[in-house]
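Based on the provided sequences and hints, a complete structural model is requested.
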Amino acid sequence: MDGTGLSLGRGRNAALSNPWVLLTVGLVGIAAAYPSWTDAYSLSVIRDALIFALLALSLDYLWGKAGILSFGHAAFFGIGAYSMAIFGPKIDSANAALVGLLAGMGIAGAVALVIGYFLIFGGVRGAYLTIVTLAISLVAQHIAIGWSQVTGGDSGLIGAPPPGIEIFGFSYVMLDPVHQYYLILAVTAIALLAIWFACSGHYGRVLAAIQDNELRARTLGYNTSLHLLIVFVVSAMLAAVAGGLYDITSGYVAPDLIGLFMSTEIIVWVAVGGRGTLIGPIIGAFVVIRLQQEVSSVSYKLWPMFIGAFFVAMVFLFPNGLLPLLRRIPRIVASRLQRARKAE
Amino acid sequence: METIVPLVLNALTLISIFMIVGLGLAIIFGLMNVINLAHGEFVTIGAFTLSFVQAMGGNYWMALLLAPFVGAAVGFALERLIVQHLYTRPMATILATWGVSLMIQQVLQIVFGSGPQQASGPIEGSVEFLGTSYPAYRLLLISFAAAIIAGVVFIFRKTRFGLDLRAVIQNRDMAEAQGINTRRVYTIAFCGAAAIAAIAGVLIAPLTKVIALMGASYLAPSFFVVIVGGAGSIAGVAAGSAVVGGLETVLNYQVPVTVSQAVVLVAAVVIVRFKPRGLIPA
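Chains A and B, in that order, are what the protein sequence lines are.
The opening position of the first sequence corresponds to residue 0 in numbering that gives the first Met the number 0, with each subsequent residue numbered one higher.
The opening position of the second sequence corresponds to residue 0 in numbering that gives the first Met the number 0, with each subsequent residue numbered one higher.
Be aware that one or more of the hints could be misleading.
Stated by the list, open to error - Sample of chain A residues at the chain B side, in silico, Cβ under 7 Å: (1) G121; (2) V123; (3) A126; (4) I130; (5) A134; (6) H141; (7) W146; (8) V172; (9) M173; (10) P176; (11) P303; (12) V314; (13) A342.
Source of the hints: derived by calculation from the structure; they are not laboratory data.
Just so we're clear, the structure is a prediction, and the values are computed from it rather than from any experiment.
Idealized CB from N, CA, C, for every residue including glycine.
This is how it looks when you write it as structure tokens:
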């Protein structure tokens, strides 16, 4: 492990002195205060970025914590979004969005469970596994385009239920965009905290051990295949939650949400932020989406080119991501200063 | 009989396409443990070579001769500039070749536009074959694919380079100790794989829509072929192509294309569960 971020081997006591925790608290604070000084459009931009940040987080749990690189996360995101758009409007109750969300999580989880079971218990690891996830994305996009009676084909689907709940006669429907924004911020923050908390203790070390040397972890008595399968399924379900939230707030789904290029972008968000750091990919999503708007405003054809060049550059120049690189700067400066002082 | 013969021939067409696309992939994967996500772009480059040559007034056969050199040149650049430095980092190779794949797609789109390119085969019409009428070009494609496979088998089995190649696949360090220049073998094999994929692109182009993004639709099936069949052996590629291509063709008669692709994915995944090293491992 590279030891960056909300990482293993530090224990929970060190949490408060960890700069990543302070960063996280600060960011959540800024995000919570954001609606008080901004207009509706900027808020919707940040809201979408938060949803994609949640998606990046789901991939980081799989790639950063369990070492499985997936080109299939857009498929799970798409399953969540399409489930919401297909099932949600059919239900005439305040619970519609909840049903859509659960349907999406269920379908994404089931797909991940079936594919994951056969592959992971079949001993498929590393690059092979990545290739199959690539195929999941391709097939999912073909289904989204081809099965047009249900998915709307190339034009996608319009319409989504507003988030709400109806239980024991109590009914609440959330229509205010600012409230929806807070809902998404809360879901993202809770997901981040839950994964970070789970991975900061024993469980995180087991995953790190599997990533480090799976044979050794198995010899020590851990059911490594089961661990990897659980991470795969949970991560897919989290991606489906992000997809469902996307449909709720934006009101439409289209096949480009589910394709291979979308999967590539998710990988970029995680890679920029530094995989395994959890908060890094969230920041990465914000930074990259902002950059994408700038580059695409010059020419939309430049963006894929940019991403391609980024991958090549990353592999050679900053294999651990851009943000961990920035984090090393203070340390480098400090050691330079120390050396200078010694020289005096 | 009237339905069986076209079915078998359709299956053979698809199997041939998968075999020649998957062959290069399997060789470099079995040989160097490199997963080349830019492999689909070699197919695209071959197809674009055909439409470019035809747009310049040349004919199909000139493109078929030219394409392997174009493919090999791009393959050489990719191997020397990027892949060679990443042999010990498989995940990094995946990301880097994926980046190259995106860049090639965009360059082609910027140079040639995003609309479909014109490409036509050397022969038109149908011929009578075993009592049914079948498009002549598809028969040509099947025979070309068979010739290419035979050529590769010959190189593998009967030449000095093939011997070196098989030695490196079996044990790289030992091959090096025997005085084989493994780095040279890698480079030649990579260029050869790219050249074969480019020829495949020329063969496929008249049957499909030639666009800059076409590579992705061949990349995933050919990886299935390699995973199902087993990497590093020609027999494995043949077995994988037969299973994937045959299944997809038969299913396409019964169910919509989208369903058949999903079924092929599931079938491949299930086969991998019970044969993790492929049907015919190297």
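Quiz item: Hint by hint, which ones does this structure get wrong, listed from lowest number up?
Solution: 8, 9, 10, 13
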